[in-house]
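There are 4 protein chains.
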Amino acid sequence: MASINVGLVGYKFMGKAHSNAYMTAPKFFDMPAPPVMKAVCGRDAAAVKEFADTFGWESTETDWRQLIARNDIDMIDVGSPGDTHAAIAIAAAEAGKHVFCEKPLANSLADAKEMLAAVRKAGVRHMVNFNYRRCPAVSLAKQMIEAGEIGEVRQFRAVYLQDWLVDPLFPMNWRMRKEIAGSGAHGDLNAHLIDLARFLVGEVTDVVGMMKTFITERPEEGASTGLSATAGEGMGQVTVDDSALFLARFAGGALGSFEATRLAPGRKNYNRFEISGSKGSLVWMFEDMNELQYYSCDDADGRQGFRKILATEGSHPYVAAWWPPGHILGYEHSFVHAIHDFCQAVSSGDDCRPDFRDGAQCVAVLDAVEKSVETKAWQSVETVE
Amino acid sequence: MASINVGLVGYKFMGKAHSNAYMTAPKFFDMPAPPVMKAVCGRDAAAVKEFADTFGWESTETDWRQLIARNDIDMIDVGSPGDTHAAIAIAAAEAGKHVFCEKPLANSLADAKEMLAAVRKAGVRHMVNFNYRRCPAVSLAKQMIEAGEIGEVRQFRAVYLQDWLVDPLFPMNWRMRKEIAGSGAHGDLNAHLIDLARFLVGEVTDVVGMMKTFITERPEEGASTGLSATAGEGMGQVTVDDSALFLARFAGGALGSFEATRLAPGRKNYNRFEISGSKGSLVWMFEDMNELQYYSCDDADGRQGFRKILATEGSHPYVAAWWPPGHILGYEHSFVHAIHDFCQAVSSGDDCRPDFRDGAQCVAVLDAVEKSVETKAWQSVETVE
Amino acid sequence: MASINVGLVGYKFMGKAHSNAYMTAPKFFDMPAPPVMKAVCGRDAAAVKEFADTFGWESTETDWRQLIARNDIDMIDVGSPGDTHAAIAIAAAEAGKHVFCEKPLANSLADAKEMLAAVRKAGVRHMVNFNYRRCPAVSLAKQMIEAGEIGEVRQFRAVYLQDWLVDPLFPMNWRMRKEIAGSGAHGDLNAHLIDLARFLVGEVTDVVGMMKTFITERPEEGASTGLSATAGEGMGQVTVDDSALFLARFAGGALGSFEATRLAPGRKNYNRFEISGSKGSLVWMFEDMNELQYYSCDDADGRQGFRKILATEGSHPYVAAWWPPGHILGYEHSFVHAIHDFCQAVSSGDDCRPDFRDGAQCVAVLDAVEKSVETKAWQSVETVE
Amino acid sequence: MASINVGLVGYKFMGKAHSNAYMTAPKFFDMPAPPVMKAVCGRDAAAVKEFADTFGWESTETDWRQLIARNDIDMIDVGSPGDTHAAIAIAAAEAGKHVFCEKPLANSLADAKEMLAAVRKAGVRHMVNFNYRRCPAVSLAKQMIEAGEIGEVRQFRAVYLQDWLVDPLFPMNWRMRKEIAGSGAHGDLNAHLIDLARFLVGEVTDVVGMMKTFITERPEEGASTGLSATAGEGMGQVTVDDSALFLARFAGGALGSFEATRLAPGRKNYNRFEISGSKGSLVWMFEDMNELQYYSCDDADGRQGFRKILATEGSHPYVAAWWPPGHILGYEHSFVHAIHDFCQAVSSGDDCRPDFRDGAQCVAVLDAVEKSVETKAWQSVETVE
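Sequences listed follow chains G, V, L and E, in order.
Taking this note's numbering, the leading residue of the first sequence gets 1, the next gets one more, and so forth.
Taking this note's numbering, the leading residue of the second sequence gets 386, the next gets one more, and so forth.
Taking this note's numbering, the leading residue of the third sequence gets 771, the next gets one more, and so forth.
Taking this note's numbering, the leading residue of the fourth sequence gets 1156, the next gets one more, and so forth.
It is worth saying that the hints were derived from the structure and are not from the lab.
One or more of the hints may lead you astray.
Straight-line distance between alpha carbons at most 35 Å, and here's what the computed DSBU-like set of lysine-lysine pairs gives [said to hold, decoys possible]:
1) Lys1297(E) / Lys279(G)
2) Lys1531(E) / Lys912(L)
3) Lys761(V) / Lys371(G)
4) Lys12(G) / Lys797(L)
5) Lys1531(E) / Lys1049(L)
6) Lys376(G) / Lys761(V)
7) Lys1333(E) / Lys1531(E)
8) Lys49(G) / Lys797(L)
9) Lys1531(E) / Lys412(V)
10) Lys212(G) / Lys597(V)
11) Lys1049(L) / Lys664(V)
12) Lys1333(E) / Lys527(V)
13) Lys819(L) / Lys49(G)
14) Lys948(L) / Lys1531(E)
15) Lys1049(L) / Lys12(G)
16) Lys142(G) / Lys982(L)
17) Lys1182(E) / Lys1146(L)
18) Lys912(L) / Lys12(G)
19) Lys412(V) / Lys1367(E)
20) Lys982(L) / Lys1204(E)
21) Lys121(G) / Lys279(G)
22) Lys397(V) / Lys371(G)
23) Lys397(V) / Lys212(G)
24) Lys27(G) / Lys121(G)
25) Lys1204(E) / Lys434(V)
26) Lys948(L) / Lys1167(E)
27) Lys376(G) / Lys527(V)
28) Lys142(G) / Lys891(L)
29) Lys397(V) / Lys1297(E)
30) Lys1526(E) / Lys397(V)
31) Lys1049(L) / Lys1526(E)
32) Lys1297(E) / Lys1204(E)
One side of the interface only, derived from the structure: several residues of chain G facing chain E at Cβ under 7 Å [stated by the list, open to error]:
33) Arg249
34) Asp298
35) Gly305
36) His316
37) Asp341
These figures come from a predicted structure and were not determined experimentally.
Glycine included, every Cβ here is placed at the ideal spot set by N, Cα and C.
All chains, please: the whole structure from these sequences, using the hints.
What follows is the structure, given as structure tokens:
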């Protein structure tokens, strides 16, 4: 396989981030089978055509079934909202295409399991894009934990805080509608934290949580917003959570706490974890994504302290492909790394994590939390085999 | 009342901190009735005598009943471990003494209620020493919330992390024994967070939590510690939690998360809260106790950001008594402020918060969390009238 | 002009950064005349061919004179070491090409002035790539200063600290050779600080400085490095400074301090300035390039503090083209912005700063500092008309 | 000597800080000869009496000559403005009293040398109170440098930034009058930086600097301030610098940069140094006085980073006398440590640094900078023998 022909579904926020990654990855990484930007698919023909022209996609489609039916496509990238993932991914797998899917894998555990079954049956490569695993500082954290540098992990505390919904006049969009998004901050942000937890600590077995929608109605998209909007008129119902928190127990004995919110003033994309081990700690936060804080109990007495590792050295994961030390990377680099790794998996035939089982297990945790909110009690998490 | 004669019970860590406060408060604050360091009480006559000589206490006692019986004592300061609080405080109140008590108020809710009843019946002033309320930056946070500067409080997230028990060879002491301490990180550290939450946000109504003892046995005090210690031999059982986390709902609708641990490498006295309101945020952390971070949605567009207020201006609470701006205060200043305020209450006859009802309500929250751990379900918190 | 045909000289660190910018700018910005990656030039035919294939340059040249002679090239991008800038840029201008040149503009003031005269005579667009001006947080700082948000600027303090030469066995390269690089940390790093100072504060009129080479010889490139290297044998002479500091006076009355060093352990690309004005302050540091710290004396009493503005809002310069708030940008984005702006200037015919006069004036400051080191006294800075 | 009878001159800011130190030191440190607060001296009899009553001084004097003449005084503490230091200290020495003197030692080098000669001739103990040496984190830095933990020191960069004079209506006081204060930010703040430099790096041999008074007149003390004040009327002339910067060379080959200003908005008591060595770095800043940042080139590759040492461990200098780890100290603790150390020196007969020679050498550096401002050229620093 000399190259990998890609068909992308979706051309908004994720469409841009993925397109940039396909374009950039082969420039900075040595790839035996680089991706070819073959076709992009969206329902609005004119808009998708303009997008394709801008980013250099060779062709466009307006029906994802047509895209999947094409013989010149090797892999399908599912970058559309969560309610569409299952149908597209399953069809793609059945057509023998490798599948790269945005997170969360699906809006229901049943869907996620079907997707997993489909890719397994088809024998194709599959990956769910929890991109934060591939920030160099997070990949470094993983290496350090595996090397035992913080000992046995005992506590994982994570928050993913945003503030874009603090303004009550911010209008409705698909992320506030349960039928499309599945849930709110929970599925959007806790999904990322759960994946990081599973990546760095292990399986979550039991959870208890709480959720709340503080602002229950918002101006409809396109409605005239502003102070004149009266309650009810031109307002839409927010059917997902603004905030979702839960406590967790891990299979290995660790304790965890998780929080996702879109109502934390001043926190823009504050995805942060702190891990306490038996001999050290690690702290990471996306807004300073190039930094990993590390405390080692093995440092000399009186010389211990949190060390701010600037993960921009050639010896750090992914960094050698980029710039000299101290020249920081940004958000989209995590997508470049993910696309690179998935393309390598496609060309080599090796597995690539997080795969659809990871994606499905993440949904299982999300589900158990929602169930715990209903029952007001701890719930065990189903294991996806 | 020209001065207030103080009798202090306890002469270890808290004894030093309180003694320093009695000595220092009248030097920096104008006090109509300054405290007089009349007597200190401890069981070891020689040790308490040496302590009294060092800190300038006029006399000593070895039995707290004797101390309370003295006619020349106006107020009793209970600075001994939690299991002794109830008996001493109740006896002091019955003898008509004002009572200043270390936190947590008691090891059980029943004890705490009896203490509250006793001070109410006696009509004496009473205060529980949740000292962190009186760090200037925390007092400032309270003022700002009351003035509506962050709007309606929606989320309170707090952690109190320490690491002094990470070393498994750190020996047993009273804080690891349930019969003396009541609980571990929970009663020691979550008690502080609960008080801060009640101070800044309001009453906690429902909780669900989890607790764990990661290191279940440790070398006995005085036992030869070290690697040669074999399991069981010379080892004591740790009967309290190392870590305790819980989620909470507040009466006003806010959500809360709390964590206390003694096993977070690198965190020494990391008492931190972050409050998200409908129009701003506040963040405070004890290790940088002079700083209050403030984010205001009212700042101009494009100029918003977390502001690091160095709470060392003359206009900030308590600061005018001390040094010029930028000359930071330390841990013991919070005790000086507490002693100052309580003595003012004693001399004026006004109430002073946090009082024994606050202390008892805090115990009620601690209790509900422990019950939720047993039942694996949410528990409502009893209201102490 | 529907597009701009680019010829790039140089294909190493700067070649990569520029190529990425040409590729990326038209994807994220709406450009009436996007750049076309026509030809890249380097002396090693095979290496430059491989580079061209990777980054998508249409053709290659091995002699920059040939590149300039081509009719299908509209602009020349000079990304080679400083000693080559003058000859290439002047020839390009004489051939009627627009010129985009890496910094510093030239190794001598005489060269810089000739370059300026050449582009003026030819009437072409010209720009020197002081890329840090175009980090969004720095562009924001400029806007804020111009709007008077910190009042009259009184002090500018800047350091540019790196540590890549701390290891005495790090081998020689062209940056340590005066005949190629002109100077060391001074021309490489102080040049950036001087440009930022001129951008944000104004003209520097008088300077006094000091320079030092702490490590005077290093293993030759290609020599077997390591502890076995004996002095002299296989060692090259470092003929440039490791560290260069100077004080400055600005035309507007402000005071400045500048430092550049490659010997500050732990500082990787620590380009930092702090500006004190009559009613506020601004602080920026590249390693956290998305942040601008802002202190305003206009904030309410008791609420003042340094505000950490995360310059990732759509209202911040350049950001609307990229991701949602909180999704940080990296080093190479500053190049994308510079290329975008220069191409806009080329297509519109407008001027674009920093231009060659800015570049020449920066060299004049660098020169005056070097002279002050020789004379051990303050020197006035020549004004380039 | 069972105790040391102290006579203090001055009862304002420094008087409070010193009194607190005499009161506190023997409570927390084991002192063979604790200080006795015998007498305090000030010109306003009523005010000094009130001060003495508050802080527990046994008696008062209104003429420092009377204080020195008393037989029951062992040491004189000179806490009055700089223009009074020489006369008092010399008289005290001649009377055989040990002398503890506030910084800077004197307003002129001639005075400083006379003071040094006087204490040497008298054979008394002498110390100048550069209190920042005794912040635990700074003492730790000294230990680490002496132990070679950052290798050979190459660069020292220090700033001492304040903002209390940013408001042009802030009224005159003695610190703005050259005849009393000697100089402005220079003698007040650079004096501290120079002492830290000499403590941590070594002797300064050559300097070049610049100074500026941005705001040359201010409302007189007691004059009605406010916007109605017209130029000249009720205004006083500021005869000292607002800002003073200089570059320096050290005897050991290191380079230094220094800045003092009272016009840096947002910086309250921002006394900061960063030291680059051949194998590591140290950074300290007073507003976070309990922290020492440490970068070690000896840390493993890929694990290097600035470590935030919270200097509150029992193994850190001075800390064992205070609280458990993480319970931070404040500004006045540095005075407690200084008083403790000087009293120990008095009782033991050992020398105690910084002594009057240190104080005089600091003045020599201050002087050389002022001379360099006049000559606009580098100046060598006189060595005080």
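Verification of the hints:
no.: 1; hint: Lys1297(E) / Lys279(G); result: holds, 28 Å
no.: 2; hint: Lys1531(E) / Lys912(L); result: holds, 32 Å
no.: 3; hint: Lys761(V) / Lys371(G); result: holds, 14 Å
no.: 4; hint: Lys12(G) / Lys797(L); result: holds, 13 Å
no.: 5; hint: Lys1531(E) / Lys1049(L); result: holds, 30 Å
no.: 6; hint: Lys376(G) / Lys761(V); result: holds, 9 Å
no.: 7; hint: Lys1333(E) / Lys1531(E); result: holds, 21 Å
no.: 8; hint: Lys49(G) / Lys797(L); result: holds, 14 Å
no.: 9; hint: Lys1531(E) / Lys412(V); result: violated, 49 Å
no.: 10; hint: Lys212(G) / Lys597(V); result: holds, 28 Å
no.: 11; hint: Lys1049(L) / Lys664(V); result: holds, 26 Å
no.: 12; hint: Lys1333(E) / Lys527(V); result: violated, 44 Å
no.: 13; hint: Lys819(L) / Lys49(G); result: holds, 32 Å
no.: 14; hint: Lys948(L) / Lys1531(E); result: holds, 29 Å
no.: 15; hint: Lys1049(L) / Lys12(G); result: violated, 42 Å
no.: 16; hint: Lys142(G) / Lys982(L); result: violated, 42 Å
no.: 17; hint: Lys1182(E) / Lys1146(L); result: violated, 53 Å
no.: 18; hint: Lys912(L) / Lys12(G); result: holds, 32 Å
no.: 19; hint: Lys412(V) / Lys1367(E); result: violated, 39 Å
no.: 20; hint: Lys982(L) / Lys1204(E); result: violated, 57 Å
no.: 21; hint: Lys121(G) / Lys279(G); result: violated, 43 Å
no.: 22; hint: Lys397(V) / Lys371(G); result: violated, 49 Å
no.: 23; hint: Lys397(V) / Lys212(G); result: violated, 45 Å
no.: 24; hint: Lys27(G) / Lys121(G); result: holds, 34 Å
no.: 25; hint: Lys1204(E) / Lys434(V); result: holds, 32 Å
no.: 26; hint: Lys948(L) / Lys1167(E); result: violated, 57 Å
no.: 27; hint: Lys376(G) / Lys527(V); result: holds, 32 Å
no.: 28; hint: Lys142(G) / Lys891(L); result: violated, 58 Å
no.: 29; hint: Lys397(V) / Lys1297(E); result: holds, 32 Å
no.: 30; hint: Lys1526(E) / Lys397(V); result: violated, 56 Å
no.: 31; hint: Lys1049(L) / Lys1526(E); result: holds, 31 Å
no.: 32; hint: Lys1297(E) / Lys1204(E); result: violated, 40 Å
no.: 33; hint: Arg249; result: violated, 28 Å
no.: 34; hint: Asp298; result: violated, 11 Å
no.: 35; hint: Gly305; result: holds, 4 Å
no.: 36; hint: His316; result: holds, 6 Å
no.: 37; hint: Asp341; result: violated, 20 Å
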